[in-house]
Structure formats: structure tokens, C-alpha cells
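This is what each chain is made of:
4 protein chains.
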Amino acid sequence: MLGSGLIGTFYTMTLHQQRGRDRVQTVYSRSEDRAKEFAKTWDIPNWETDMEKAIRNEESNVVVVALPNNLHKEAILLAAEAGKDVLCTKPLGRNAAEAREILEAVEKAGVFHGYLEDLAYTPKTLKSLESVKNGAIGDVLWTRSREAHPGPHSDWFWDPEQSGGGAIIDMGCHCIEIGRNFIGKDIKPVKVMCWAATMVKPIAAEDNAIGLIEYENGAISQFEVSWTYRGGMDIRDEVAGTEGNIRLDHFLRTGFEMYSDEGQKDYVAEKAEKQSGWLFPVGDEVHALGYTHMFTDMFNAMDENRKPMEDFYDGYIVNEIMDACYRSANSGKWEPVELAIWRGKTNVPHLQKFNDYDEQHYLIKEEKLPDGRDKVIIKNKETGAVSEKIINKIEDAKG
Amino acid sequence: MLGSGLIGTFYTMTLHQQRGRDRVQTVYSRSEDRAKEFAKTWDIPNWETDMEKAIRNEESNVVVVALPNNLHKEAILLAAEAGKDVLCTKPLGRNAAEAREILEAVEKAGVFHGYLEDLAYTPKTLKSLESVKNGAIGDVLWTRSREAHPGPHSDWFWDPEQSGGGAIIDMGCHCIEIGRNFIGKDIKPVKVMCWAATMVKPIAAEDNAIGLIEYENGAISQFEVSWTYRGGMDIRDEVAGTEGNIRLDHFLRTGFEMYSDEGQKDYVAEKAEKQSGWLFPVGDEVHALGYTHMFTDMFNAMDENRKPMEDFYDGYIVNEIMDACYRSANSGKWEPVELAIWRGKTNVPHLQKFNDYDEQHYLIKEEKLPDGRDKVIIKNKETGAVSEKIINKIEDAKG
Amino acid sequence: MLGSGLIGTFYTMTLHQQRGRDRVQTVYSRSEDRAKEFAKTWDIPNWETDMEKAIRNEESNVVVVALPNNLHKEAILLAAEAGKDVLCTKPLGRNAAEAREILEAVEKAGVFHGYLEDLAYTPKTLKSLESVKNGAIGDVLWTRSREAHPGPHSDWFWDPEQSGGGAIIDMGCHCIEIGRNFIGKDIKPVKVMCWAATMVKPIAAEDNAIGLIEYENGAISQFEVSWTYRGGMDIRDEVAGTEGNIRLDHFLRTGFEMYSDEGQKDYVAEKAEKQSGWLFPVGDEVHALGYTHMFTDMFNAMDENRKPMEDFYDGYIVNEIMDACYRSANSGKWEPVELAIWRGKTNVPHLQKFNDYDEQHYLIKEEKLPDGRDKVIIKNKETGAVSEKIINKIEDAKG
Amino acid sequence: MLGSGLIGTFYTMTLHQQRGRDRVQTVYSRSEDRAKEFAKTWDIPNWETDMEKAIRNEESNVVVVALPNNLHKEAILLAAEAGKDVLCTKPLGRNAAEAREILEAVEKAGVFHGYLEDLAYTPKTLKSLESVKNGAIGDVLWTRSREAHPGPHSDWFWDPEQSGGGAIIDMGCHCIEIGRNFIGKDIKPVKVMCWAATMVKPIAAEDNAIGLIEYENGAISQFEVSWTYRGGMDIRDEVAGTEGNIRLDHFLRTGFEMYSDEGQKDYVAEKAEKQSGWLFPVGDEVHALGYTHMFTDMFNAMDENRKPMEDFYDGYIVNEIMDACYRSANSGKWEPVELAIWRGKTNVPHLQKFNDYDEQHYLIKEEKLPDGRDKVIIKNKETGAVSEKIINKIEDAKG
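Chains as they are written, first to last, in the working numbering: chain A, 80 to 478; chain B, 80 to 478; chain C, 80 to 478; chain D, 80 to 478.
Just chain A, same shape as in the assembly (with noise of 0.2 Å):
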């Protein structure tokens, strides 16, 4: 386990609680005291403050990266040196170019590479995928993810040489992953428009920023991110198709409601900024958020030999579309996606299934009326004329 902060931790927390047989054996922290008190608290049997050392420790089969992005590429490239499998937390690089340097370096490796996109992962989400496939609310048209909450707990997050970014990179990766799931993975993105800007905070990259992603079948994907939302963590997707929709809460609205007068003394969710009146704890947080399913699905593909659901061509992917982000919302336009690397379908129609009236007509829509008689809204294919008709009586509509 490379890095002992927040992510570092949940990580750990998922690996080693309810019986889980995979531990981890030495944990790297730049800081010795926090290397230290980590491998306490965890009961991991040994740390280090030299990074080549951590990931060449013989115990470990998998180096977990949780550091900041400045220093995926290096950890990464050091497994990969080291012929270590290696999982990555998101994003996988400050940029596309890192990005692809990485991916390039593990796949020239040969080493087992999963890209750690927890929210991918959530139960609803992985039961959600499940459904949009089994074809439940028809073709995909739109999905929206938004996550917001008050603002990253590193001062690291906030420097964008660090960091590449602003709340886009932070977060807008977990929404244009999550939108690319369910729109189908071998679907390219063909261009973004987005709008970021530094509303509140004092720094020099984004606070809040909204974008579009068009996909070659037309749909489109929309992503809401903010790092200035009051109230806690705001996590909740949307999809909606041509036969239903999906509406997922992960975090504020959950069944679970507690309103406290005296407030409950205690960590109420992350993010949470209140601890009376009204509070909307969450049961299991490293559950919700996919974190037990994302290692087992690492695990299992390791021990089955065979690709998780996300790996490091995903991480790819996502940084191209993040910079295509940052491009348009400097040019003020809609940005090409740039895909050195693609490896889905292409030339991908779009989706449109007109649906025949009858020989010479479209059928728009159709309806019930209050008195039972059903009415058509008809569209003639040569001329273009719409009109509406009612195709039954009173009598046998009732009858």
C-alpha cells in the first residue's frame, strides 16, 4: 500500500474487514511517523519510507498506489519495473500523456494493471449496469453524474501542479467513467463541451465545472461537479433510456434518516458538515461507495487470470476526455475527443428507431385520454405534416 491518507485508509479498511483473505503486508508513507502509526492501526506487519523498497518488498504480489497523482507515474513505473501487478486510484494520470505513458509501460511489462474507479463499482451502480444490459429502460440516451461536496481534505488536491486539475480531475473522472459505463464502454466519445470556473475558492484551478460528452451513437453524458456544495457528499446518478430511467442516491438519501438535538458526537458520513438537527448517515460506508466490490473484482481477475471491469486503458481513456474538458472550457466550444489509443467499435450509428404508424406515417406518440378514447400523434413521411387523430369511439373504447 503506497500512501496512508484518506484513500490509503478506506482501502486498507475494505481489504481487512469482514474475513477478507488478501492483507496487506507493507505500507509506504513519505512521513515516518505516519508510516508508522498506519501499520499500527492496521496490524500490517511492515512499512517503509522509501517507495522502490515498498514495492519491491517480497511479501507483497500487488502494489496498491494511493499517493497523489503527481506520483502515480512514478510509483507505477517502478512496479512495472519491478514485474509487480499493480492497482492505481484514480485518476490514472495528471494528463492524458501521463496516462499513456503509464499504460504503455505496464502493458510492455506484462503486469496485471486495475484502475481503482471505486464509484463504478457501488453495488447500485454494478446492479444498475446489470439491468440497463438486460435491455430494462431500452437504449441509452443520457446520463447525468454529479458529485459535490465541500471541498477535498489534502492541500495537495488544491494545487493543480500537484494535482493536474481542479474538481474536474478530482472528480469529474468518477462521472465521465460512470456515464461511459452505462452508454457502453466500446462506444467512443466523440466530443465534450464543458464549462469550469474558480467561483469561491482562492486557487488557481477550477471549484465547480459542468460538461457534456457526445458519444459516437449520439448519446450524451453530462457530468455536475463541485467542490464549493454545502450539506455534505452529493453523489447521485441518473440514466435515462428510451423504455425507463435510473435514478441512484449513493450517499444523502439512503433510508437512513437521524435527526440528533444534541448532535451525535461522532463521525456522522464523510463530508458530513453538521452533527445536529437532521443528518443522513450512511451504514457501510466503504461498501456503498464500491470499494468491496472494486478488490474483489481486482483479486478475482487476478486469481482468474483474466481483465477486471476497469483497468489502466479506462484511466486512459478518461484523462483524454478530462483534457478535451479543459480545452473547450478555455475555448468556450465543443472539443474533439483525441484517441491515440481506442480499442471499442467505431463508425457506431446513431441511435434513432422510427417507429412505422403505418405505411405512410411515423408514429410520435401516443395517449389515452380521461374519457378513454385513444389519440395519435401521427407524422406523414413525405410531407412532414404532423397531425393528431383519435383511432376509437367513446363506446368501444369503453365497451
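A couple of the hints might just be wrong.
What the hints assert, rightly or not - Counterexamples of contact, computed for chain B against chain C with all Cβ distances above 12 Å:
id, residue
1, 126
2, 130
3, 138
4, 156
5, 186
6, 352
7, 418
8, 441
9, 442
Unchecked claim - Cβ-to-Cβ under 10 Å is the rule here; a few derived chain B residues that face chain A:
id, residue
10, 225
11, 310
12, 324
If you are wondering where the hints come from, they were derived from the structure by calculation, not from laboratory data. Built from N, CA and C at the ideal position, the CB exists for glycine as well.
Mind docking chains B, C and D on chain A? Use the hints.
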């Protein structure tokens, strides 16, 4: 009452229910059958198929325009000529040029004009506007307004010649005006970015659109409209400010849930698609949708000789924003909002109040750590360096 | 309007808002100061501190009793004597003996009498009652009605001499009448079981109670009332029927959510306890609580010379049920409801429609197994033996 | 693993998923076909149709009883005799006599015993229990636990000879133990009041029941169970305390909502009745229902040589409470809980802490009036008179 369709019905239902003192005196419909039936259903003394005669009816003080969009201008110009007060449903015109002509006509005639923007008048919207004005959520940074359903009920909506556009002209007008109310009606909308597509329906206009409107103070207003949404009428608003946030749901999740195995065999709610399974009815639809408070404001304003909350000037502004949206959807870039008429503030600076931590530093964030210590993330005003700092010892924190 | 407290205020606010044609002509208060101030606030032409003079005021056709419970009888008897129509807030009397005397007085005088049971009139309740009558959830088996908050706002509520009891008399009356409406007002309540306790407050009456009312058809109506609930006003109803269920939330979760860090500095909603953190305001309280539809029904009933949905007969029945509740809370066993006056059905058989599976068996349950097979659980009519049976092969099921 | 039905499946699924280190070694089923198939599906090395042989299997350290209720005693007695640790599903016995015999047998044998009360182990329940212990809602006054669905899936549940009763024995055991956890497992349950009826199904046992359990400290625990509920599995808990309240929803409203027009064509969630329209799936059912945390606690307890959170003593207490419920349902009055074995506190006084307002008065309630003044309602300790008092002037209040 000009018009006997769904909107004319909702308006008349609102006016005639709950022991109101205002009554419809005459109804105009293009079809004699519908005019007669409407007059009978709602106990209206007179009906007409000649619009001008209806407008000049001596019993009526006020003309309510509930007609297809392409008839708004004609009806209002006739009303202005007749010196009658006039209320018009949304959108005011099919485009800004029409809206401007309408506005200038009523202002020249000196008649009262009310813009029937019902969703700005829902009890939830009104109460949250009051809270926002009281400072409950600080400065407004972002609004999201969403209206989505499976498509409108009459043929003319689907024909851009008659309606002026697609989902934007039909529902974007609501979302835009709601956002404008939250951000402040005297803050100038400066530019828009809009995506629009015909994804599912065999029509010439857009059936889905997403737009961003940037205001002069930097606030951003987002709208999402869809004619292809499945599952009922999705009307939700969100507002985020520097000190809090608001979430409104006007239709599907309002504390009324029903599971019906066999089905309700009756009207559930506007645009509900199913009659069995889990249903989400609305107790009093016209009230929930703002019609009641809207007409109360309109008639009270006439009695008190004041402007209503929404008048044709607002309708004009909304049309200008929508025109810019259509331009942006075509150009693929941000487009300026071109306001020939603007009566609000000008040269409003961007929202931005950096908090000082001390003389040398801005405060980026402060948070309480799980062990009770307080951490701050600060930025050096000169060097721009970001750092974090623990500001008390554990002993002090817990003592 | 007799009474100038919270209820008198809510009633007057309802009558005077939204351009209603009904106005308060005179207000009576025991205190001259309050009478004057109330008249001024609500623009009421006349005020009195002599109840009889107020009742006999010539401008008023209707007497509205919004007084403490111990003054209901006196006020209504005076109104009946004066031949005035009379509307009285809940509960009708402090006990069934008072309620019966009141009912007999108004019936003898032949005046119109309306029981102001607002929560039976909320838009959600009215709409669900209609669905229930349409058969949307089959036969009603169970109702749950809950009203809980941190306690009433005036001293007389807390003194059983003046109020007639505690939380049961204050709020149980609502819950009981709501359950009665869903089960059917012509179905006889036959017995009750009630628990009541003084858990927190230094008072003589109960501050918490739970009751069960069994109706002649076997349906069960459950109520929960509390004066010690924290977090706002909890008003929820649930109804379960053989074919479906209904859940209503009238206050805390109605699609209006706000997070305010600094606080609203203003009125949130009745009995809200906090002004900051997550808040759940209500858009239009008097409408949500049923006042609007209640007065509409009352005055329409007068105009149409018909009974309102709720009259003093209903008030009397509720008082008899509450009397039985108090007897049961003391005896620790089911107590019969003793109805000296009953105008509904008698000898109604128990709900019970066993479904036949075949001639020899009843059907207990059928379900689709995950593999597509259909399973039934059946009961032999003669032997009573329960067994399960797969009724198709996998091939058939999937074919 | 003894048993290959739904519960055996859920247990095995929980143990084998998420890289757990605990595995099922042998499965026993009464039917050879089911035993073989189960062993194959879950990759279990051995299967048996002879219960004793299965229990004495040398590879297994722990016997898990997932059998119909009438086989619990036999299986546990065999396991105790074999000196094996034993875990048993709920309820422990068909009645308290069986439960007591079971408890005495395992204690005499000195084997580890765990009561598989999964709903006491849901992540939400565990986290709220911790908050309650931290004082977040003050003293617990009332709990409500509700479990309702359209009926169990196997024939033996519907036959009281095999199961020991109806909906109470099937689901009341969950609700009772959840309430007991919140109120405190060392607080004695003293008496119960229960209503039970066979409302819909052609069976000998109750298909609906409601019960109240009074604890020695005056706290009240309410349960509601139904086998006739429509719309899915309704599992909700509520807790009210002197300083706050908690609401848990474990199934139908947990932040996962889907509208599917055509239907999911797949498993939605346990006991969901529809496959189309608005659906409420659950992300990870066995986790949401508590199975994961339950087995973690059980096996950790064995490793750490400590008692689990729930053992057979708890199972015995629950059976005694249920016996009292059946007595009360017959007698129509409160019935004492007769605890032959009780290891908690005795002579616990009633919760009751009156707050002093001053030396002469108790404080009943204080509230801030809309105009900013503070009002108190107080009670004279000697005379018992209740009065209200404004304790500051408007000027002071606003100053």
C-alpha cells in the same frame, strides 16, 4: 379565456375551484364543438369561435391567452387594441422578435400584462425564493431546473412552425425563468451554451436539450428538457449557494406513494405512464404546479395597481435567452444573449469573497479531524503556495 | 371567528388568501388586546370580547369555533340557540357525553354543522380516498396514522381539565377519523386497545399513546401520537389493502429539502425545531394541512344544502372511540366502543375471500421462481394440509 | 450447512462472496437432488442427506442450521452432542420451551452458539445502535419495527405445526430483537399486548399482527408484521428518543429507483411483485439484510473466544416474548413476559427526568414565537397548575 385545450382547462379549473371570486365569462375555441362543450363543463355563460368577438366581450375585463404559440401575437395585439388587460401563457412568443413586438404593443396600449409562468409560482418555489432572499443559502452559485416527460399532448407542439421550436421552447422557458428568479431577475444573463438533439422522435425540432446560462455575476443556470423521458413528469429544481442548497421535487416524489396491483382505473397524474405498480400521484395538481398562486398574484396585482411577479418583460427576456440557445446549439459555442431591452442592473461584479485566514494567507478550507484536531488548508497571498496546518493539539481539542 | 390563537389564525389565513369570496366579519377573543390585534392583522371589521354578542353579530352567517376544548359546548349551544350555522374545530367535545349533547343541540336547532377535521381534507388524503373507493388497493385491511411533534403551543392543551386529555384528545382524533375514512365511515368501530403513558413531561395526561381500533369487518386502524417527538411535525398515513398500499407524508418529506449553514432566520414550518442544517419546509402549509379543501367543502355544502364530508356526527363518533381508548389504557384490555348513536351499516361480515386453486384446494400463494418455473402453495380444503407444487417445466416456462 | 432453501442459499452466498476466508464444506438437504445441485452451484466439496453424518463431517468446525423451524431442536441437539459450534437461523425454537431446551443443551455442551438474527446486523442498524449508545437521540422511548411482504416462499411456513405460528413467529422475531437492541438488551421486557388475525389467507395461523412490548424502564417497542402486504418487502425501523429520532428503510426506498416500461426480465429484489413500472431494487441484498456483518461477527467471535452480539440466550428471550404475544392475542389483554432465565438488570426505574424551570416550577415546553419572543409553559410543583409566560420583551428578543 382564449383556448379550450389542456392549459385552458387547467386555468379554468384553478379559477373556478376553491370558492374563488374570479370567473371565466366567455370561452373562445377554434372549434364550435369544443367551445360549446367547454362552456358547458365549466359553467361559462358565453362561448365564441370568433377571437375578436371573444376578446371584445363586455363581461370580461381580462383576456387570458391559452392558445398555441403561433396565435399569441395576434390575440395579444387584438386585446391591446381593445384596451383589455391580458394574461398570456408561456412562452410569450415563438422567438424574441415576436415577444418584443408583443411587449411594445401592451406597453404602448398601457394595459396590464401578466406572463403566466406557473412553475415560478409553485408554493415550493415561492417559499424557497423567500428563503434565498433571506440569505438562507448565501450567494446563489448554481441552479438546475429539469422538466422531462414523454412528450406534449397536441399536434401543434411537435411542429416548429406553429410552436417556434421543440423541447426548449416548450419547457426550457420554465427552467430558464426559474433559474433567473433564484439568481436574481435584475442580474443580466450574458451568454449561453446549449446542446440540442432529435434523439428519438420523427420530428424536425429537438426532443432533448441541455443548456447553461451564465449571468453577469458569474452564477450559472443549467436546464435539462426532454420529450422522451419515461415514467411520468419529472419536474425538479436544485439551487446551490455559498452557504447551503435547496432541492425541490414538484411531481414524482412529494410524499404520496401508492402501490396498486390491479391499477387505479383512473387518472393518476399528468403524463403518468402506468396505472399499476408503484405510482406517485399528486394531491392537488393545479396547486402543486403553481396555477393557484399565479392567478392570485395576477388579479391581486390588477386590484392593487402594481406589476405582477411575472410580466411580458420577463417573457421577452426568456425568449431572448432561448434564441441564444438555438444559436448556440447550431454554432457549437457559447453565444451572447442579445437584449435589446434590459431594465435590470449593469456592470455587476463577479461573486467572490475570499476569506482571510491571516494577513498573509487566504483560508481555503477548515475541517475537524476524526481525532478532534482542527486542520486548515491555506494559501499564501504572495507566493500562491497551498499548505495545510493543524491548529491545536489533540489534548486541547478533546479537553 | 371565535378564538384568536394558532387555529383561529390558520383558519382566517385560509379564508382570506387566494381571492376567496368568504371573509371573517367579527372575531371574538377572551382578551381585548388579542381581539383588537387579530382584527387589525386580518382586516376584520369587528371584534368582541363577549362571546354571545360575537355569535349574534348580524353580519355573520356562520360561527367558527376555534376555542379551547372546554369552551366548545358553550359556544355551540349559543350558536344553535341563535340559529346560526356552526363549524367547530377538533375534537368536538372533551368526551363523548359533551359531543353527544352538542350533536343533539344542533340537530334540534336544525342548523348546519361542520366538523373542522382538516387532516381528513388534505389534498393527498382526498385523492387517496378516491383511489381507495375506485378499488385501487382492493379491500382496506389496515391503516396507520401517526401524528407526533414536540408538544402543543398553549398552556390549556397541557391541562386535562380544559382539554379533556393529552396527546390522544389533541391528535388521536385526527388519526382515528383518517383511519375511519379509509376503512369506510359506515363500518362500525367495535373495540379498541390502547396504550398511553406520561413518559417525559411533568403533566397529568398522556404525552404518548398508541391505539388499535377494530372495525366490524375485521379491518384494523392503528394510531400513534406523541408530544415528545423531536425533529419537527411528523404526520404520516399508511393504508394497506388486499391489492395495494398507500403511503402519505404530509410534512417532513414532501419534495422540499434545504440545507442552510447559517440558518434561515425565519419561519421554516410548524413545530420545526432547527433553523439550520437540513430543513424540510412546506410550500403552502394551510393547503398541505387540508384547511383550504375543508372550508371549500363546508361553504359549498351550505350553498348546495347538503351535508359536508365531516359533520358533528363524525365528531361524536370520534369522541366515543377516544373514550373507549382511555378506558382501555386504564383496564389493559380491549374495550368495546359504545355508540349510543350509530347511523352506518350493521352486521357487516368479516373481509375474507379465499381464492380457489381447484375444487379440492385453496390457493395460498403463487410465485415465479428465478429459473422461470411457477410455484403454487395450496391448502387442501378437507384435510387442511398445506403443500407446494411446481406447475410447469423449465422448458415450458422459458419457451 | 444444514438446509438448501432460500436461507441456506443466502447464507452460502454471503460466505462465498467477496473473497471471504470461510467456506461451506458440506451441505445437508432432505432431498438428494437438492443436495447435489446445491453442492454443485456453490462449489461445496461434500453433500449429505443424513443430518447426523453432515453434522459429524470432519472438515466442518461449525454447524449452520438453516432448516424449517421444527427441525432446529433436533439439529442443534445433535451438534451439541458432537461438540460442534453451532449457528442457528431465526426463530430459535417454535416456542419458548423448545428454545430453553436448546439453550440449556448448548450451554451444557460448552459449544459456541450464535443466533443468526440478520436484521439486527444490517449496516444501518449497527451504525444507528452505535449512535444511540453515544447518546445521539437521548433516552430511547419508542421503537417501531415493521416487516411486511406478500408471504413466505415455502409450504412449511404456512403450517403452524411445522413453523410454530404465522407472521409473528416468521417476522415478529426480527422486529422484537431489533427493538430490544435499541432499548437495551439488559432491560427486561415485562409485558406485551398483541393483536393477531387471519385476514386474507386460508390458513390456521395469523397473516397479520401488531404488538406492543413494554420494558421495565417504561420504553415501548412496537412491531407490525404482515404476510398480505402488496408491493414488495417493506422493512423499516423507527426509533424515538428524548433528544432525537431515527428512521431506517432497508428495502424499498434506499436511493435506487428505476422506471422500466418493458420490464426488467430479471430478478428485481426479494419479493418484488412487479417487473415493470417504478421499481426499487437493492444493490447488494445480502449485505443490506445484514448477512455479511452477521457472519463476520460470528466467526470473529469464535476466533476471539468471545460471545457474538446475538446468541441463543437472545433467541430464547425472543421466543418468550412471542409466547406472551400469542397469549395476549387470545386473551385480549396485556400478558406478562415470563422469563425463566434472565441475565440482565432488574428493578430498573422508569425513564423520567423532569426539567426544573425554577424552584417552584417544572418546565413543560419552551418555544420561540414568530416575533422573536420566548415563551415557556410551566407547571407549579405544588398546585399542579399549568401556565404560560413570555420571558422577554420583543425589543430584547430582537436586539
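Outcome of the hint check:
The beta carbon of residue 126 of chain B is kept farther than 12 Å from every beta carbon of chain C, the shortest such distance being approximately 24 Å. No beta-carbon of chain C comes within 12 Å of the beta-carbon of residue 130 of chain B; the shortest separation is about 27 Å. For residue 138 of chain B, the shortest C-beta to C-beta distance to chain C comes to about 18 Å, beyond the 12 Å cut-off, and the non-interface label holds. Every C-beta of chain C lies more than 12 Å from that of residue 156 of chain B, the closest at about 28 Å, which supports listing it as non-interface.
No beta-carbon of chain C is positioned within 12 Å of the beta-carbon of residue 186 of chain B; the least distance is around 26 Å. Look at residue 352 of chain B: its CB is around 16 Å from the nearest CB on chain C, clear of 12 Å, so calling it non-interface holds up. The beta carbon of residue 418 of chain B is kept farther than 12 Å from every beta carbon of chain C, the shortest such distance being approximately 32 Å. Even its closest Cβ contact with chain C, about 19 Å, leaves residue 441 of chain B beyond 12 Å, as expected for a residue assigned away from the interface.
Its beta-carbon lying about 15 Å from the closest one in chain C, residue 442 of chain B satisfies the requirement of being farther than 12 Å from that chain. About 9 Å separates the beta-carbon of residue 225 of chain B from the nearest beta-carbon of chain A, less than 10 Å, and the hint is met. Hint on residue 310 of chain B holds. Least Cβ distance to chain A is approximately 5 Å, under the 10 Å limit. With its C-beta approaching chain A no nearer than about 5 Å, residue 324 of chain B sits inside the 10 Å limit, and its interface hint holds.
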